[in-house]
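Trainee: Listed below are the residues making up each chain.
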Amino acid sequence: MISPIHIITLTLGTAFFIGLLKKLNLNISALLMLVAIAAAGTISASWFTAILSGAANAEVFTAGFNPPYSINLLMGKGEALITLLINLAGFLGGVYLLKSLKERGIYTMIIYLVFIMSLNVIVMTRDIFNLFVFMEVASIGIAGLVILDKSSKATQAGFKYLIATGVIAGILLIGIAFTYYFAGTLNIDVIQQASIINFKAGSIAVFLVIISIILELKPFPANGWGIDVYEGANPGIGAMISAASASAMLFVLYKLAVLVPESFLQIITAIGILTFVGSNLMGIKQSNANRLLGYSSIGQIGLLTAIVGLKPFLGAQFELIAVSILISHFFAKAGLFWLSGIVKKQNLKDWAMLRQKPYLLVLFGIFIFALIGFPPFPSFLGKWELIMKLAHSHHFYILAFILIGSFLEGIYLFRWLGFSIKMEDANLPPLTVHWNKIIPVVLSALGVLGSGIYFGTITEIAASLKYIPLLFIALLYVIDFLPVYVKNTVSIAGIGYYLYTIYPDLEGFKLIFGLIFLAGGMLTLVAGYFKTGTRKGFYPLVMLMFAGLVGLIEAHTTFEFFFAWELMTAGSYFLIIRGKKSMTHALSYMLFSLAGAYLILAGFGLAHIGQSSYALDILASVQSFAPLVFILLAIGFMTKTASVGLHIWLPGAHAEAETDVSPMVSAILLKAGVFGLILLMLNMGSQFIGSFNIYYALAWIGAITAVMGNMMAAFQEDAKRLLAYSSVGFLGYILFGLSFMSHLGWLAAVSLSVVHFMFKTLLFLAIGGIVYRVKTKEMYKMGGLIKKMPFTFISVLMGIIVIAGVPPLTGFGGKWILYNAVLEKGWFFPSALVFFAGIVAFLYCFRLIHTVFLGQLKDEHREVKEAPFWLLLPQYMILMVIMLFSALPNSLLKPIGAMLAPIFPEGALEWQGQLAKSGFGYWNGQVIMYIVGGIFVVVFAWLWYMNRNAQKVKQFNIGYSAERPSLPETTHFAYNFFAPYKKALGFLVSPLITNFWDSASEGVHAISDKVRRIYNGNVQTYAFHILAFIVVVYLIIF
Amino acid sequence: MDFGFKHILYALLTVFIVLNYGLILQGIVRKIGARVGRRYGIRWYQPYIDIIKNYAKRSTITHGVMFYIAPVFRLTGGIGLLLFMPVIFGSEIFSNFSFAGDLVLVLYFQFFGVLGMALGAAEGGHPYSAIGVSRGLSQVTAFELPLTLGVLAIAMQYQTLNITEIVAAQQGGFLSWTLFTNPFATIAIMFSFLGAMGRSPFDVVLAPQEIPIGPPTEFHSGLLGVLQLNRAIFPAAKLILFMNLLFGGATSWPELVVKTFLIYMWSVFVGTVFPRFRVDQSVRWFLVVPLTIAIIAIILIRF
Amino acid sequence: MKSLLNNIKSRFSIKDVTEQRSNLVFIDVARESAVPLITYLRDYEGMTHLVLLTAADWIEENEFQLTYLLNNPEQKFDIGVRVRISREKATMETAHHLWEQVATYQRELKEMFGIDFPGSPGVDKPFILEGWDDLPPYRRDFDTKKYSEDTYFPRPGRESNDPAEYMKKKMYPNEK
Amino acid sequence: MKEDFKKRTVITPEGKPLEIDPVKDYFSDARPKVHKPANPVIEKFANWARANSLWVLGFGTGCGAIEMRPLMTPRFDAYRYGIQWRPTPRQASVFVISGYLSVKTLKRVVRTYEQMQNPKFVVGLGSCTINGGMYWDSYNTINRLDHYLPVDVYIAGCMPRPESLLHGFEELKKIIKEGRGEGANKYAEEFDWYKANQKKVIKDWDMPDYNW
Amino acid sequence: MEYISMITGFLLVLLGLWGVLTQKNIIKIIIGFSIFDTGLHIVLVSIAYLRGGTAPVIDKAVKVTEAIEKVVDPVPHALVLTAIVIGLGVTALMLVYALKLYQNKKTLEVQSFNDLKW
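Chains as they are written, first to last, in the working numbering: chain A, 123 to 1160; chain B, 75 to 377; chain C, 31 to 206; chain D, -10 to 201; chain E, 773 to 890.
Next comes chain A alone, as it looks inside the complex (with noise of 0.2 Å):
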C-alpha cells in the first residue's frame, strides 16, 4: 500500500518537473499532470477499498514526531472517499480542460497540480494551522485559475472572491492562533480533548475557526461572491469549485464539527438549512445558466451542511446519507457545469441547442434527476432515510424546510431541463463537442448511475427493489434503432410476460388495478403500432412509467411504494414533454407531482415514528399525528388524481400529449393517485379532527372537483382539453365514492375507475385518431366526420354514453351505485354537487360528439380518411368489453363486490343472476339491456319500412329560411357552443384556482427577485456580509 504522502510527492513533485519541463512540450505536461492526478486517486481509490474492506486507517507523521509535535495526516475511509472524489474531479476536469490548459502554458498545470494537491491535503491533514496554509493555497490556485481566462467578468470575480477568502482566512487564523492559545496544540485530536470550549474564550476561538469553515462554504446570504465566481469563472474551473473544493471544505466541516458543542451544531443545522432553502429560492429568478449553477451548488453544499450538523440524530445512517447526497451533488454539478461548458450560451433558454446532440440531452436529464433525488440516483436514497431520520427525532421543522428547498430546486431545474428539451431552437448556432469535453461529462453520468446502484445494493432497504424492470428499459434503450413495430413488439411483451409472472401474487385491489395498469398498458401500447419510423426514446419512457406503475402494485413498504411513484413520475414526465407545446404543461405537472412526492415522502416520514419496519401496513397503526399524515399523504396521491385545487396541471399535459399517450397519462397514470388513496384509506381507516370527518371534506372535494371538471369540459374548444378536464371530473366521482368509505361506496368508485379506464382510453384514442387525421384539436374546425370516421364515431359514440350514464350501457351501473351509496351514507349536499356534475357531463358529451362528428363536413376534410387501424383495434377490444360489462353487469360488479365483501360486510348488494339488490332499490342491466334493444329494434324496423325509399341527400340540403348556406364554417354551429350556459353559470369556472397558483408562482418568484437583490456585485458589500454573518451568528450562539 502506498503512503498517502505520495499523493502530495506526487503531484507537488510533477508540479516542479513540469516546471522544470518549461515550455519544451505542452503535450508532455498535460500528460503528466493527468498522470500524476491520475496516480493520486489510485492512490485514494486503493486505500478506499482497503479500508472498506476492513484495513486500518494510515496515519501519516510527516517530521518524524508524534503529534502535536509536526503536522500529521490521517487517511481513513471519508478521507479515502472524498480525495478520491477530488482526484477524480481534478482529472476529469484536466481533461475537459486540457484544451485550455495547453493554450494558457505550462504555468497553469502547475497551478492546477498544486491546487488539487492542496485539496487533497485539506482533507487529509490534522493540523489546523496546515489547513489554514493549504486553505489558502487552494484560494490562491483558484484565483489564479480563474484570472487566467481573460474575460473582464472572470477577473471581476476573482476578484472578489480573492477579497473574500482574504477576509475569511484572516478570521480563521485569529480564530487558529487563539485556539492554539488555549489548547496549546494544532492538532484536531488534541484541542478535541482539550475541552477548550468549556470556558468562553477558548468557544469564541473555535468558533472563528468554524464560522470560517462555514463562510467557505459559502452560506446564504454571505455568498455573492460564491456565486459571482461561479458565473464568471470558466464552466471547468467552476465546476472544480462546486465538486472538488466544496466536497474538501464539507469534508473539513465535518472534521471540525467533533470540536463544538450540540448547540453550535444546531446553529450549523440552521444555517445549512436556510442556504438551502435561501440559495433555491433566489435560484428561481435566475436566466444565467451558470449562475443557476451556482445557486444550486450553494443550495446543495448548504443542505449538506444541514446534515453535519444534524449528525447526532442520523445515526448510524448518516454516512449513507451524507455521502450519497454528496455525490449526487458531486457528479451532477460536475457534469453540469462541463455541459454549460459545452454549449457555451448563458441564457437557460439556449439550452435548446442541446437538441441537437440528442445524447447531451440525456446526459443533460440524468444530471437534473440526480439533482432532484430520483431513483435510481444516490441522492434519492439519501432523502429518504434524511427524511425518515428527521421524522423519527422529530425535527418537523428542517423536514419542512429541506422539501420547501428541494421544492424549489425543482421549480428552476425542471423548467431549465425542459427549456433545453421543448425551447424553440431556430436561431441557436450548431453545437460543437470535443471529445475532451465529453468525456468528463459521460463518466460522471455513469458515475451518478453506477454509484446509485451500488448505493442500493448495499442498503438494507433498498435490497428488495426489483431492478428486472430497470434492465428491461436499459435493454429498450440500446435496441432504441430499430423500427416502431419491433420495439412495439418487445415491449408489450416484457408487460405481458411480467404481468403473466405477477399476476398469480396478484388479488383484491392490487388484481384490479394491476390489470389497468399492466393490460391497460398493453391495450394503449397496441395504438402504437400506427407510428412509423423509429420513436426515438420514446419506448424506454413508458416502460420507466409502467415499471413505477408495477411498483406500485408489488410494493410491500413503504420506500418500495415511494420509489416506484418516483420512477412513474419520471417517466410520465418524459412522455407528457413529448407532446406539442407541452413545455409548460410538463413543468406544472412535475412541480405538482414533486410537490405531491414531499407530501408523500413527510407522511411516511410521520408514519414511520415509532415503528421499526417499513411495511406499507405500518399505516395502520400510526402512533403520533395519524390525522395529519392521513391528510399528508392523501394530498399527495390528489395530486395525481388532480382533485380541485391540484388539477392544473392536468389539462395541459393530456391535451398536448401524443395520440397514445393521452390514454396513458390519463386513463391508467391517474389510477396510481386512486391506488394510493385506496392503500391509505384501507390501511388507515377512518380519520377525524376533533369530531370532523375528514372523510366528510374528501367527499366535498370529490363533488365539487366533478362539478369543476366537468363544467370546464363543457366549456373547452380543444377535443383532447376536453377529454383531459372530464377525467378531472371522473377522478372527483371516484374520490367521491372512496370518501364514503362503504361497500357501495367503494363498488361505485372500483367500479367506475375500471369503467373511466376503458372510456377513456376509448376516447382518447378515437380523438387522437381523429387529430391525427385533420390536424387540429380545436372542434369547432372540424364537424360532419361521421361519414369520414364511422368506426371513430360508433367508438366516441359508445364512449359518450358511458361517460354520461345513460341506461342500458355500463355507465349507468356506477350512477345506480352512486345513488343506493349516498342513500345509505346521506351525505346529500356533496351529492347532490355530484349528480349536478352528472348532468353537466351530457353537456360536454353532446358537444364532443356534435362539434366533431356531426354538423357540417369542412372544405378541407371532404377526403379525410378514417383513422388507423392499429388505433381502431384496440377501440374495438374494449368497446367489445364495455359491451359485455353492460349486458352482464355482474360479471364486473359481482367480483368487486366480492373483494370489498372482507373489508366491508355491511350493504353489499344481493346479486340474483343479473340482478343487483340494494337495501333501497335494485336494477337488472340485462333485462333492461333486452328491453330497450327490443324496442329500438321493433321502432327501427318500422320506420325502416315505412321510409325505405329516402332520398340521401347532400350537407347543404337543409331548410334555410328559403336561403341556402355557402361556407360549412359559417353553417357549423360550434364554437362556444354553450354561450348561454357561461353566460348563466361561468362564474362558476373562472379561473380562481389557476389564478391562485399564478399568484402562488409570481409572488415566489418576486421574493426571489427581491431576496437576491442583496447581490449587488460590489466586492465591499460581500465583504460587509461576511462580517455581519459572523457578528450574527455570534451574537446567536454567545
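Source of the hints: derived by calculation from the structure; they are not laboratory data. All residues carry an ideal CB built from backbone N, CA and C; glycine is no exception. Worth double-checking, as some hints may not be accurate.
Unchecked claim - Stretch by stretch, here's where chain A covers chain D in the computed footprint (C-beta under 8 Å, at least three residues): (1) 14 to 25; (2) 77 to 83.
To be verified - Restricting the straight-line Cα-Cα distance to at most 30 Å, the calculated cross-link-like pairs of lysine-lysine (DSS-like) are: (3) C:Lys155 / D:Lys189; (4) A:Lys467 / E:Lys872; (5) A:Lys987 / D:Lys13; (6) E:Lys796 / A:Lys272; (7) A:Lys910 / A:Lys897; (8) A:Lys897 / D:Lys189.
Knowing the structure of chain A, use the given hints to seat chains B, C, D and E on it.
Mentor: Frame of chain A, contents of chains B, C, D and E only:
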C-alpha cells in the same frame, strides 16, 4: 321475475292506452289554450290527423344514419321510460317492466331519447338544431339539480328507490301523499317538472319563430311522425312518474287520467301566464328558487 | 338659410337655386362641384344626414339628374343638391366616403340606371335583379311592357282598363 | 353567381390542394321522383288526413301575407279547420304564394317548394299570382305562377279578404279529398318544362336543378 | 504590557477591515487588506509573548526543565512566517488582479466592477 310473451302483450296494451291518452291530452290542452285566447281551437282529435298525415307523406330525405335513427332513439326513450314504471299501482298487467330497475333507472333513462335525438338533429347539419340542443341541454342541467335533490328527499323519506314501494307508502287517503307529507320536496320537484315539460316559460328550446322549432327542424314525414308519437307518450310517461312520486300513484285508469290531467294543467297554466325565459335566465332561476326549496326539503328530512 | 346659401355661393359655382318650400331648397351644380359641395354641407353646415340619393332620366336632354337630398337634423331643413350627368358616359364620383350607406344607393343606381360610381364598394354586385342582362330597367328607353310580355308568359284574355273610365262606365252607365 | 359558390381550392390536412365545387359537392342533384298514389282505399283515408291537416308554410312572399295573419285570430280562427302554421318547409304541406312574386323571390320560392315533401300543395293568393295583377307589365314580377309551380288553388282579389282565404282552403280540401292534389307528382313529371320556365326568368341559376 | 501588541494587532485588523470595507479605490482596498494581514500577524506573534520570557533556544540559560516557564512559545513564530508568506502571495495576486481590472475598464473604482450580480 320470469319474462314471458304475455309481458310483451301487456306492454303493448300499456303503450296503446298511454299513446291514445297522450294524444287526446295534447288535443285537449291545445283546445284549452285556444279557449283561453277566445278561439274555437283545433278539434280534439287533430293530433291524430296530424300523425296520420305525416305518415301519409310519400317522400322522405335523410341526412345520414344518425339522422335516421334519432327518432328511433327518441321513441325508444319514451316507451322505455313508460314501461320501466308501474303505471297502475297494484296491477300486474300495468306494472310492465318495472322489475328491471328502480327510480334511478327511470330518472336516467329519460336522457336516452334526449341524447339520441340531439345526435340525430345535429347530423342534419342545421345550425338551428344545434342551437336548440345547446339550449335544451343547458336547461336540463339546471332543473335536474332540484329534481335530484327532491327525489333524494323522497327516497330518504320512504327509505326506498322502488317506485312501487313509494306508491304503496302513499296509499290510504290523500293526506299520505308526498304532496302533504313532504311539501317542500313536492314543490321543488314540481318546479323542475315545469322545465321537464318544456312548455313556456321554458320553451326557448323549440322557439318556433327564431330557430324554427329547434332540434327537430329538419325532421319530416315518417320521422316526424315517430317524434309526434313520442310527444304523446313521453309527457304522459313523465306525468305518470310525477304522479307516482308525489300524488299517490293511481290504482285505476280513471284515477290516473284525473291526476295526470291535473298535474299537466299545472304546467299549462304556468305556460299560458308566463312569457318565455332566456336560457341563462331559466338556468339561474332553477338554481335559485327550486334549488333553495329542495335544500330545505333535504334539511327537513335529514334533521 | 339665406346665409347658408350665401356661404355656398361664395364658395361654389352654382347654376341655379330653387326654393321649393321654406325648409327645402334645391341647388343645381356642375358635376365637378357636387361632391365637394355635399362634403362642405356635411362638415360645415350641419347637414349630417343623407336622406337619399336618387336619379331621374332626362332622356330628351340626354342627361341623368342625380339628387343628393341632405337634411339638417338640428335646424330641420333639407337641401337637395342636383347634378346633371351625361347619359352616354354615365359615371359619377362616389360619395361613399361621406356616408357608408351611399354605397347602397349607388349600387342600386348602377343596376337600375346603369350609372357607374367607380370605387364604390360592391357597386357591381346585383342589388335586386339577380343576373339582369338587359338594358337597365329604369332607363326610359327600356320597354318594360314588352319585356314582361316576352318573358313572363302573359295570361291571355287579360283586359286592361283605365280605372276612371271603367268606374264611370260601371257606376253611371247612362252618362256619356 | 355569389362568390361563395364559385370553385375554391383548399389545403387538406395532409397539405395537398383540394378543389371544391360547392354547388356540386354540397348539394344533391338528384331529380325528383314521381310517387304514385297507393292503394285507393288507403289513399282515400290518407287524403282525408292530408286535407284536415294543412300545415301552411309561414313564408310571406308578397303583400298578401298580411291577410293571412287574421286567420290565426279569434275572429277567423283557421285552426278549427285543421289549418296550422309551420316554420319549416320540411314539415309544411301547403305553400301559400301570397301576392306578387318578384324574380328574386321566385328563386327562393322554388327552392322552398322543392324542399317540401310530397304531397304538397300550392295556393296562389291574389291577382298577381294569376296574371300579374297590377304588376302585369313589370320588368321584375312574374305573371303566371302556374308556369313555375303546379298551383292547386288560386284565390282571386287584390287583396282577397280572409274569408276568401278560408274559402280557398276549403276548396283545396275538396281537391285533396278528391285525390286531385297531385301537384308534386305533376311537378316531377313535367319537371323539364317547369325548369325551363324557371330558368328563363331566373338568369343567374347557381343551384342544382332540384333543391332537396 | 503584554497586551499592547495584541491590542495594536487588533486595532490594525479593524483598521484594515475598515479600509477594505470603505475605500473606493481598489489599490486602497488592497492596502487595507495588507494592514489587516499585518494586524493578524502581530496578533499571532503577541500570542506567543511571555513576560520575561526568552528566546526559545534551549541552552545554558534555559534548562529543559524550566523551558515551559522561561521561553516564549516558538510555534506562533513559525506560524507567522508562513502566514506572512501566504499573505504576500495573496497580496501579490490581488495586485495582479488590480492590474487586470484596470486594463479592462481603465478605472480602479470598485463600484465599476459589479457586472456580476443578482
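Trainee: Does each hint fit the structure? Answer for all of them.
Mentor: Okay, the hints, checked on the actual structure:
| no. | hint | in the structure |
| --- | --- | --- |
| 1 | 14 to 25 | holds (count 6) |
| 2 | 77 to 83 | holds (count 3) |
| 3 | C:Lys155 / D:Lys189 | holds, 21 Å |
| 4 | A:Lys467 / E:Lys872 | holds, 25 Å |
| 5 | A:Lys987 / D:Lys13 | holds, 21 Å |
| 6 | E:Lys796 / A:Lys272 | holds, 24 Å |
| 7 | A:Lys910 / A:Lys897 | holds, 15 Å |
| 8 | A:Lys897 / D:Lys189 | violated, 46 Å |
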